[in-house]
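Engineer: One line per chain: the protein sequences are P and X, in this order. First residue of the first sequence: 1, per my numbering; consecutive thereafter. First residue of the second sequence: 102, per my numbering; consecutive thereafter.
The set of hints was computed from the structure by calculation and includes no laboratory data. Every residue gets a Cβ at the ideal spot worked out from N, C-alpha and C, and that includes glycine. Any given hint might turn out to be false.
[Claimed, not checked] With the C-beta cut set under 10 Å, the calculated list includes, among others, these residues of chain X facing chain P:
| # | residue |
| --- | --- |
| 1 | Y147 |
| 2 | A203 |
| 3 | A216 |
| 4 | I263 |
[Unchecked claim] Quick list of the computed label-pair ranges, beta carbon to beta carbon:
| # | chain 1 | residue 1 | chain 2 | residue 2 | range |
| --- | --- | --- | --- | --- | --- |
| 5 | X | G269 | P | A95 | 21 to 29 Å |
| 6 | X | V157 | P | D92 | 32 to 40 Å |
| 7 | X | R200 | P | S4 | 18 to 26 Å |
| 8 | X | L201 | P | V69 | 20 to 28 Å |
| 9 | X | S240 | P | L80 | 36 to 44 Å |
| 10 | P | P93 | X | T106 | 39 to 47 Å |
| 11 | P | L80 | X | R200 | 22 to 30 Å |
| 12 | P | A95 | X | S240 | 45 to 53 Å |
[Said to hold, decoys possible] Stretch-level coverage of chain P by chain X, calculated; a stretch enters the list once three of its residues show a Cβ under 8 Å from a Cβ in chain X:
| # | segment |
| --- | --- |
| 13 | 3-11 |
| 14 | 15-27 |
| 15 | 34-46 |
| 16 | 49-59 |
| 17 | 73-84 |
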Amino acid sequence: MTPSLTHYLVLSAILFAIGTAGLFLRRNLITILLSIEIMLNAANLAFVAFGRAFGSVDGQVIVFFVITVAAAEAAVGLALVIALFRHRQSLDPDAYTTLQG
Amino acid sequence: MPGDTVLFYVFGAVMVAASLLVVAQRSPIYSVLLLIVSFMALAGLYVVLDAPFLAVIQIIIYAGAIMVVFLFVVMLLNAPYEAAPADVARHWVGHGPRRLGAALGVVLLVELAWALWRGGAAQEIQAIAAAQGSGAVSSVREIGGVLFSEYGFAFEVTSILIVIAMVGAVVLAKRQL
Numbered sequence: 001m002t003p004s005l006t007h008y009l010v011l012s013a014i015l016f017a018i019g020t021a022g023l024f025l026r027r028n029l030i031t032i033l034l035s036i037e038i039m040l041n042a043a044n045l046a047f048v049a050f051g052r053a054f055g056s057v058d059g060q061v062i063v064f065f066v067i068t069v070a071a072a073e074a075a076v077g078l079a080l081v082i083a084l085f086r087h088r089q090s091l092d093p094d095a096y097t098t099l100q101g
Numbered sequence: 102m103p104g105d106t107v108l109f110y111v112f113g114a115v116m117v118a119a120s121l122l123v124v125a126q127r128s129p130i131y132s133v134l135l136l137i138v139s140f141m142a143l144a145g146l147y148v149v150l151d152a153p154f155l156a157v158i159q160i161i162i163y164a165g166a167i168m169v170v171f172l173f174v175v176m177l178l179n180a181p182y183e184a185a186p187a188d189v190a191r192h193w194v195g196h197g198p199r200r201l202g203a204a205l206g207v208v209l210l211v212e213l214a215w216a217l218w219r220g221g222a223a224q225e226i227q228a229i230a231a232a233q234g235s236g237a238v239s240s241v242r243e244i245g246g247v248l249f250s251e252y253g254f255a256f257e258v259t260s261i262l263i264v265i266a267m268v269g270a271v272v273l274a275k276r277q278l
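Please construct the entire structure, taking both the sequences and the accompanying hints into account.
Structural biologist: Following this line, the structure appears as structure tokens:
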């Protein structure tokens with residue numbers, strides 16, 4: 001018996017939840033960006049699993065776009081992290097409270 | 102194939118374990134390295150899913166390029182450890198927003214579990230796919246054909262996005278222009 005679509009969706013849901021937990025619980029800007037990567041990859045896995053179930057190539061094509069967007073997001077996000085670190089010498093998001101009012 | 106099931110569980114377990122460690126890790130360097138392990142396992146899952154080209158892309162671009170940029174920044178900033186919380190109880194109970202976030206995370210997990218548990222959806226989709234008699238598509242030629250015809254516009258927009266991201270990254274990270 002090959003793993004069914006449901007197997008992949010459960011795995012994808014677990015990974016997405018791990019990413020969400022990391023995003024909310026960590027206090028390090030780089031780990032937060034890594035959590036976003038985990039969530040993106042969970043979505044990718046669901047896309048490919050659905051594409052496979054439908055016998056369609058679209059799922060795989062969408063993953064290319066997601067990877068591209070992830071690359072752009074990582075570049076801009078890390079540039080922001082560098083700029084922020086230069087200001088406060090800290091990666092703790094709680095150190096940046098100027099906008100909190 | 103029974104081998105597929107074994108591979109699925111092996112790669113899935115590696116991926117979940119590595120992702121959990123990424124989130125639990127205090128040192129960003131280990132987080133990044135563990136995320137690379139997680140992406141390798143995901144590439145294995147893509148192979149099981151008959152998407153070998155995606156598996157290669159995943160390793161070359163994600164594990165190879167994007168993660169190296171992360172590693173580069175971690176080493177550049179030289180801020181290896183997240184300071185241990187001064188007050189552990191306060192850290193886990195946290196401020197309002199973080200508490201709300203944790204609650205939202207739990208709600209999300211419950212909702213996903215509910216959707217999957219309820220879902221005859223997956224079975225329906227498999228029934229539809231079986232009715233169409235369509236198998237897995239894995240040829241690079243077919244992926245390329247769809248990418249450059251049906252998704253041609255999205256492809257062009259993506260290239261503009263990358264240029265914007267490149268310029269944005271330079272503008273943000275530069276001390277003064």
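Engineer: Confirm or reject each hint.
Structural biologist: These are the hints, each one checked on the structure:
1. Y147: 6 Å, holds
2. A203: Interface hint status for A203 of chain X: holds (6 Å vs cutoff 10 Å).
3. A216: 8 Å, holds
4. I263: Cβ of I263 of chain X sits 6 Å from chain P, so the hint holds.
5. X:G269 x P:A95: 21 to 29 Å: 23 Å, holds
6. X:V157 x P:D92: 32 to 40 Å: 37 Å, holds
7. X:R200 x P:S4: 18 to 26 Å: Given about 37 Å between the Cβ atoms, the range is violated.
8. X:L201 x P:V69: 20 to 28 Å: 27 Å, holds
9. X:S240 x P:L80: 36 to 44 Å: Since the Cβ atoms of S240 of chain X and L80 of chain P sit about 39 Å apart, the hinted range of 36 to 44 Å holds.
10. P:P93 x X:T106: 39 to 47 Å: Since P93 of chain P and T106 of chain X have Cβ atoms about 41 Å apart, the given range 39 to 47 Å holds.
11. P:L80 x X:R200: 22 to 30 Å: With Cβ atoms ~25 Å apart, the hint holds.
12. P:A95 x X:S240: 45 to 53 Å: Holds, since A95 of chain P and S240 of chain X (Cβ atoms, about 50 Å apart) stay within the stated range.
13. 3-11: holds (count 9)
14. 15-27: Per the Cβ count (13), the hint holds.
15. 34-46: With 7 residues in contact (Cβ-Cβ under 8 Å with chain X), the coverage given for the segment 34-46 of chain P holds.
16. 49-59: holds (count 10)
17. 73-84: Answer holds; 10 residues pass the 8 Å Cβ test.
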